[in-house]
Amino acid sequence: MHPPDEVLVEKSKKGDLDAFEELVRRYEGKVYNMAYRFMGNHADAGDLAQEGFIRLYQALPGFRGESSFSTWMYRIVSNACRDELRRRQRQRNVSLDELAESAAGNIPVYSAEESPEDAAERHELQQYVQQCLTSLSEEHRLVLIMREMQGLSYEEIAAALGCSLGTVKSRLNRARHALKDKIKARRELFNGEYRLSVKGGTSNAV
Amino acid sequence: MQCSDVCELLSPYLDGFLKPGEQKQIEAHLKNCVGCQAQLEELRGTINLLQGLPEVTPPAAFRNELRERLQQIEQERPTGRAKAPKRAFYKWPAFITAAAVLVVALGITGVWGSPARWFDSGEGLIAQLFSGNSSSGTVAVDNGKADRPEKQAGGTEKIVFAGKGEVKEDAPESTDFNMLMEPDGLSREEELRRDAAPPGAGVMSVPNAAPEIAADEEPRQMYMENMKGRMGGGAVAREAHLVLAVTDPEQAMNSIVEKANSYGAEVIASHGALVAGQQEVDTVVLELQIPLAKFGPLWEVLNDSGRVMDSNINDILHSAADTGEEQGSPVAMVVIELKK
Numbered sequence: 001m002h003p004p005d006e007v008l009v010e011k012s013k014k015g016d017l018d019a020f021e022e023l024v025r026r027y028e029g030k031v032y033n034m035a036y037r038f039m040g041n042h043a044d045a046g047d048l049a050q051e052g053f054i055r056l057y058q059a060l061p062g063f064r065g066e067s068s069f070s071t072w073m074y075r076i077v078s079n080a081c082r083d084e085l086r087r088r089q090r091q092r093n094v095s096l097d098e099l100a101e102s103a104a105g106n107i108p109v110y111s112a113e114e115s116p117e118d119a120a121e122r123h124e125l126q127q128y129v130q131q132c133l134t135s136l137s138e139e140h141r142l143v144l145i146m147r148e149m150q151g152l153s154y155e156e157i158a159a160a161l162g163c164s165l166g167t168v169k170s171r172l173n174r175a176r177h178a179l180k181d182k183i184k185a186r187r188e189l190f191n192g193e194y195r196l197s198v199k200g201g202t203s204n205a206v
Numbered sequence: 001m002q003c004s005d006v007c008e009l010l011s012p013y014l015d016g017f018l019k020p021g022e023q024k025q026i027e028a029h030l031k032n033c034v035g036c037q038a039q040l041e042e043l044r045g046t047i048n049l050l051q052g053l054p055e056v057t058p059p060a061a062f063r064n065e066l067r068e069r070l071q072q073i074e075q076e077r078p079t080g081r082a083k084a085p086k087r088a089f090y091k092w093p094a095f096i097t098a099a100a101v102l103v104v105a106l107g108i109t110g111v112w113g114s115p116a117r118w119f120d121s122g123e124g125l126i127a128q129l130f131s132g133n134s135s136s137g138t139v140a141v142d143n144g145k146a147d148r149p150e151k152q153a154g155g156t157e158k159i160v161f162a163g164k165g166e167v168k169e170d171a172p173e174s175t176d177f178n179m180l181m182e183p184d185g186l187s188r189e190e191e192l193r194r195d196a197a198p199p200g201a202g203v204m205s206v207p208n209a210a211p212e213i214a215a216d217e218e219p220r221q222m223y224m225e226n227m228k229g230r231m232g233g234g235a236v237a238r239e240a241h242l243v244l245a246v247t248d249p250e251q252a253m254n255s256i257v258e259k260a261n262s263y264g265a266e267v268i269a270s271h272g273a274l275v276a277g278q279q280e281v282d283t284v285v286l287e288l289q290i291p292l293a294k295f296g297p298l299w300e301v302l303n304d305s306g307r308v309m310d311s312n313i314n315d316i317l318h319s320a321a322d323t324g325e326e327q328g329s330p331v332a333m334v335v336i337e338l339k340k
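Protein sequence lines correspond, in order, to chains A and B. Counting from 1, one number per residue, gives the positions in the first sequence under the working numbering. Counting from 1, one number per residue, gives the positions in the second sequence under the working numbering.
Hints were generated in silico from the structure; no laboratory data involved. Here the structure is a predicted model, which means the values were calculated and not measured. It is possible that some hints are incorrect.
[Stated by the list, open to error] Chain B stretches covered by chain A per the calculated footprint, using a threshold of three residues with CB under 8 Å from any CB of chain A:
#	region
1	10 to 23
2	53 to 63
3	66 to 74
4	295 to 306
5	330 to 337
[Stated by the list, open to error] Examples of chain B residues lying across from chain A (beta carbon under 10 Å, computed):
#	residue
6	Leu50
7	Glu239
8	Ser311
9	Asn314
All C-beta atoms in this analysis are idealised placements derived from N, C-alpha and C, irrespective of residue type, glycine included.
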């Protein structure tokens with residue numbers, strides 16, 4: 001009923017689109033979230049995630065099972081992310097900040113325990129964090145998304161990015177500090193008091 | 001431990017990714033340093049903010065849309081996936097091998113790398129096989145215009161090395177492929193095949209010497225213009241293959257080489273094929289080594305250089321050890337077929 005990834009991969013290699021679709025079903029959430037956090041909006045995320053899966057499909061014959069399918073998938077999708085950004089930068093010469101500004105946010109989700117005001121504030125904070133994330137370099141974005149949002153281990157990130165554990169450690173350190181500095185700097189621009197220390201925290205600002 | 005050192009380790013500290021000794025040192029420092037405590041809290045807060053971002057769901061039509069695009073790709077695939085070999089884009093390995101044979105026959109070895117992934121390990125197949133050979137020079141006929149070989153009678157595939165300089169003088173205008181046999185009757189292909197391939201060479205099987213021209217295909221002549229081989233660069237992290245329909249393959253090649261150079265790409269080899277009975281080149285095969293960082297933009301330029309008939313990008317997963325950033329920058333190998 002639930003064949004392992006490896007079986008689906010072998011079938012997909014032979015052009016079995018149903019098998020590949022099952023792989024897509026399993027991983028579309030991960031790929032789409034990665035693309036969304038990388039690009040910062042749904043329109044671009046959709047394109048990028050599609051591109052990622054198409055590349056996966058086309059690259060399948062070269063996948064020889066030296067790593068898990070998901071690690072390999074992260075590698076291909078990371079490359080798709082990088083290429084997409086370069087393509088855009090070349091085409092439109094859009095600055096990272098503009099890209100960040102264009103980031104559309106999520107639709108706020110209201111929960112029973114939360115007042116609409118709180119939900120709006122939380123939404124605003126999340127948009128703001130996303131903008132800061134999207135303004136980082138591509139490598140910093142990738143490593144943060146993989147670690148903080150996709151929950152990959154250092155080893156998995158190293159395999160996906162094709163670098164050493166030491167590189168992951170130092171890059172993640174730099175990326176976290178870079179994001180922290182962005183958030184702090186922008187917070188002053190907003191003249192608000194976003195609190196860094198509260199998870200999903202509400203804020204008194206704006 | 002200085003505050004700056006501690007600051008460097010706060011991130012792995014939060015992940016529990018420190019050696020026990022380091023962990024203790026950090027904890028001891030944090031007890032007495034308000035500044036580093038604040039840094040730690042800010043980092044922790046940043047991570048919490050990221051982790052607090054909600055999950056998003058792909059649009060409802062996502063899978064259907066993808067399926068349609070994949071079906072289209074399958075339909076456009078010329079030979080069908082089932083028949084396609086794992087490395088579908090090496091449709092011309094016999095030719096590569098033949099080129100290698102020719103070069104060997106001319107007594108030249110040494111500095112080259114070789115096409116594509118033979119040389120991932122840094123140990124060239126040719127160089128290894130003939131490492132005892134003292135070589136005086138390189139065969140690279142840098143971008144020299146090939147003298148067109150005369151048409152050969154019969155359907156045998158001919159390999160002509162028609163570069164400029166001494167090579168041309170040594171080689172007959174058309175060199176019969178079959179003449180390049182070793183005295184023991186083994187062709188070089190067979191030797192190449194027989195000898196153990198170097199580590200990393202397993203990817204590409206060395207094909208049989210028989211020209212892989214189908215019986216019903218027009219006999220062709222091929223020539224090699226330039227074969228430089230890989231010169232440095234890091235691990236091959238990506239392979240790509242592109243088939244373009246162009247009006248003038250040679251002109252297209254020159255234009256592509258120029259563009260590729262501007263992106264820091266190197267021409268590894270170029271080959272041409274002539275339709276029998278005609279002097280005109282109907283296919284040119286170009287092999288490029290591109291710094292991986294430049295692949296994206298150049299790939300687009302390449303795709304714009306003609307009508308795309310087939311394209312294929314293949315990322316190669318290396319172990320973390322051999323693609324570390326400490327080594328040479330990774331490269332992409334691109335094979336472009338330009339067809340009339």
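A quick look at each hint next to the structure:
For a cut-off of 8 Å, the count of residues in the region 10 to 23 of chain B with a CB near a CB of chain A stands at 5, and the three-residue condition holds. Coverage of the region 53 to 63 of chain B by chain A holds. Counting CB-CB distances below 8 Å, 9 residues qualify, and the rule asks for three or more. Check on the region 66 to 74 of chain B: 7 of its residues sit with their Cβ under 8 Å from a Cβ of chain A, so the three-residue criterion for coverage holds. For the region 295 to 306 of chain B, the stated coverage by chain A is satisfied: 5 residues place a CB nearer than 8 Å to a CB of that chain, which reaches the threshold of 3.
Chain A is given as covering the region 330 to 337 of chain B, and this is violated because 1 residues of the stretch bring a CB closer than 8 Å to a CB of that chain, at least three being needed. Look at leucine 50 of chain B: its Cβ gets to within about 4 Å of chain A, closer than 10 Å, so that hint holds up. Interface hint at glutamate 239 of chain B: satisfied, since its Cβ lies 8 Å from the closest Cβ of chain A, which is below the 10 Å cut-off. Given the 10 Å rule on beta carbons, the hint for serine 311 of chain B holds: about 9 Å separates it from the nearest Cβ of chain A.
This hint holds: asparagine 314 of chain B has a C-beta 4 Å from the nearest C-beta of chain A, less than the 10 Å allowed.
Checked against the numbered hints above, the structure breaks only hint 5 and satisfies the rest.
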